[in-house]
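Chains as they are written, first to last, in my numbering: chain A, 1 to 151; chain B, 152 to 476.
No lab work stands behind these hints: they were computed from the structure. Keep in mind the model is a prediction, meaning the values are calculated, not measured. Glycine is no exception: its CB is placed at the ideal position from the N, C-alpha and C atoms. Careful: at least some of the hints might be erroneous.
[Unchecked claim] Covered by chain B, according to a simulated footprint, are these stretches of chain A (three or more residues, beta-carbon under 8 Å):
#: 1; stretch: 71–82
#: 2; stretch: 93–101
#: 3; stretch: 125–132
#: 4; stretch: 135–143
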Amino acid sequence: MDVDLVKELVAIMNSNGLAELEYQTGGVTVRLRKAAGPAPAPAESACAQAPAPAKASAPEAATGTPTRPAGESEIPSPMVGTFYRASSPDSQPFVSVGDSVEPDTVIGIIEAMKIMNEIPAGVRGVIREFLVVDHEAVEYGQPLAVIEPAA
Amino acid sequence: MAEDLRIVLLANAGSWVGFREIEERCSISSAGFRSRLSALVQEGCEFDEDESRGVRLKASPDLLMPSEVNESAAGLRTPFRVEHLASVESTSDEAWARFDTGAGEGTVVSADSQTAGRGRGGNRWHSSPCRGLWFSAILVPPSGPAGLSGITCLAGVAAARAIEDSCGIRARIKWPNDVWAGGRKICGILAETRSRGPSPWPVVLGFGINVNQAPGEFPAELAAVATSARIETGRMTGRTALLSAVLTRLDAWYGRFKDGGIGSIESEYSALSLMHGRAVRFAFGRETVQGTVVRVSCVEGIALSMPGGATRFFRAEHVSGVEFI
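Extracted from the complex, chain A is given alone in its bound form (with noise of 0.2 Å):
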């Protein structure tokens, strides 16, 4: 095992606010997951001023969640990438908040690395909240709207 690679991993994972990270190369897979418990600091200035886009929704998340009102629920980002909503930035967006929608009702784009998404409702209803802003980046998983599923 390279010493180099997995501080390098590591680096990487402070300087995106990662938990955990899996690397593949050949037949090699490295994976690495922080113990539970306060972040370390960033080891260098230039990682601090690095934007920690998941920290800064998380706590929306965190806190959305078991505040939810029952009946409602998250639009979960499918992937890792960019949400944009609306198709392009002199588009309308794609859905408001108060809009009903359809199971297939695009409400929003991820792309990552020029591989675009369309995000579906998945249910039919109201669209309640957006939980993220035109433009964020998104970790997998991440609740993107809050919908309330038709009766």
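On the provided structure of chain A, position chain B as indicated by the hints.
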């Protein structure tokens, strides 16, 4: 509206088109027809002419022969099969429509012209009829969402290598997978996927490769940023051979990716990158950053030397809208 003689003859390749019909469809005089025909001969077109039957196109670098592409793809591991159409709005939309009705991995939809070719963020892609390769391929990588970055990168590698080998020019990759030659964009690739939970996610990889456009054939707003193989080399490149070359390389790199994961593309991707040492600006989530590229990795992302000297790492999936400054 008058039609372009080149397009009329290409659309009827192998068949006779009467002089009268040409005169009417192309609103062209006899002298105009002669000068246009000799320009096409200069481009490598071959014709038969007959006083009573008219003119018949026998060969042209602009002629895309799907049967020949499919023959050359027959031995590949990915079951590529090209269906070539005269005109569609978008080859990617057409590929998804086929996916929805049962088409699977290896289906390739190609068109002589696109009326609404799409780029990133709602940008239009300009598709000169019969001058470039406009096609979309369906892949269903077994790895699910985690491996999608690899598809982006291997598509760029396959396109760059195919353009280098077929056209004899140096082609390099601008993050994440535009292909540039001579300081301008020669190929754009836009991929789309659909969430499928833990099952494999389908990907439609849309390619636009500028092949035989002459210098004056790009719209004015693109002339400074777009190029073609013809502009770079002064020669025509056969569209049939180039499409075969892209699919052959796509198959090879996709195979390596399936066997060895994204790490098996890394060294080739980095070697072909145009980014090293370049000053760039991009979006990182909601933040806009700029700096000088010190490292490019399809596995990890981009490392920038920031104004002030610190090196900062940017995770691949959160980098978008990269431009040179």
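Hint by hint, here is what the structure shows:
no.	hint	in the structure
1	71–82	holds (count 5)
2	93–101	violated (count 0)
3	125–132	violated (count 0)
4	135–143	holds (count 4)
Hint compliance for this structure: hints 2, 3 are broken, all remaining hints hold.
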